[in-house]
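Q: Based on these hints, arrange chain L on the given structure of chain C.
Protein chains: 2
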Amino acid sequence: MTATAGRPRDPDVDRRVVRAALDLFGDAGWSGFSIDEVARRAHVGKPSIYRRWSTAADLLVDAVRETVHLVPPPDGEDLVADLSALAHHLLDAHLPDAGRAMLRLRFEAPSIPELRDHWEAIRTSQVDAARRLVHRAVRRGELPRGTNVTLVLDTLCGAAMMHAIARPDDAAPPTRRELDRYVEELVAFVLAGISAG
Amino acid sequence: MTATAGRPRDPDVDRRVVRAALDLFGDAGWSGFSIDEVARRAHVGKPSIYRRWSTAADLLVDAVRETVHLVPPPDGEDLVADLSALAHHLLDAHLPDAGRAMLRLRFEAPSIPELRDHWEAIRTSQVDAARRLVHRAVRRGELPRGTNVTLVLDTLCGAAMMHAIARPDDAAPPTRRELDRYVEELVAFVLAGISAG
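Each protein sequence line maps, in turn, to chains C and L. Okay, so the first sequence: first residue is 1 according to the numbering used here, each after it adds one. Okay, so the second sequence: first residue is 198 according to the numbering used here, each after it adds one.
The shape of chain C in the complex, shown without the other chains (with noise of 0.2 Å):
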């Protein structure tokens, strides 16, 4: 956050707005997108937007940012927390509602001049930082020589965005108890096809 003259900023209000600009993402994409709108929904004046942003690609590219951590700092400590943070952040990421905005980007943000290098930057730093957690994995001697990073990430990304994206609508949403045992089972199925790879 940048120092702004005056009081200080509300987080609860930088949150509402956050929350309110990838809704509003989701549901109206790009086309729909303005800080008129994201004004209304978050019920805040747009005065208290435009001090933190100062344009409509600005204000979604943060968000994007804040709320789209897919691959979380490898702690350092050990593969099975590693992997499972990060099952649990794609999964988060495409759970309802962020979920739509995430889906929107994929598709809208190469054919948006605004957000392209945006969301081609997010998008590359976060496979890189995937693929290291692997490759670091791999030369501490936790997983084999010459195993397939591309299918570890593939298949541990994959299901986690598939089972997220495939709760029919009016499902409830899943208890972080339920999210927790998913996560524990995937990150075990995965190991186990790489050992017997």
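The reader is advised that the hints may include incorrect statements.
Take a look, some chain L residues computed to stay more than 10 Å from chain C by CB distance [said to hold, decoys possible]: (1) Arg237; (2) Lys243; (3) Thr264; (4) Arg301; (5) Arg342.
Beta-carbon label-pair distances, calculated as ranges [said to hold, decoys possible]: (6) C:Arg177 to L:Pro208: 48 to 58 Å; (7) L:Arg333 to C:Arg177: 28 to 38 Å; (8) C:Glu37 to L:Glu382: 41 to 51 Å; (9) L:Thr321 to C:His43: 35 to 45 Å; (10) L:Pro307 to C:His43: 21 to 31 Å; (11) L:Pro208 to C:His135: 42 to 52 Å; (12) L:Arg313 to C:Pro113: 24 to 34 Å; (13) C:Ala121 to L:Arg248: 42 to 52 Å; (14) C:Ala171 to L:Val277: 28 to 38 Å.
Coverage of chain L stretches by chain C, computed from C-beta distances (three or more under 8 Å per stretch; other residues unrestricted) [unchecked claim]: (15) 357-365; (16) 382-388.
It should be emphasised that the hints constitute simulated quantities derived from the structure, not laboratory data. Ideal placement from N, C-alpha and C gives every residue a C-beta, glycine not left out.
A: Frame of chain C, contents of chain L only:
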């Protein structure tokens, strides 16, 4: 295809119309979808479209049905062949350009009355068919009892989807040989995960 008076339908025209319908929907979504624009993109006259489809919704639903056979009919012989066919279909359905239409459908369809029920029927039948395929393998003893069907399908289908949509937009389309090799490795990986479970 329904019988029509006069000259027989031209399958090449139908293919171009279906292709154009998916392209347009992928680009512009339901709000930008019209038979006028499909006709323009397919270089066919509107009467050629109206002879077969009476509304834009009919056309889009048919285009999706014909193109997105996510789950092939099991050939009844071999689990590896079934899973490979399933992975190939998911890759094909999510690679450009069909993939843009697929992703858009996943989140637009629930809020579009003309498409909602059709999409839900397609989605449900695909999921059911995929689950039957794995359950049958369990009954036949090709997979162990207690196989986690959800996890098998999430990893297999999720990886294929992720692999298709994660390709950079400017990458050359994968060759059939690359896809074959990827699917072979993926199916082996998933089966290893099951048997180690």
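Q: What hint numbers does the structure not satisfy?
A: 4
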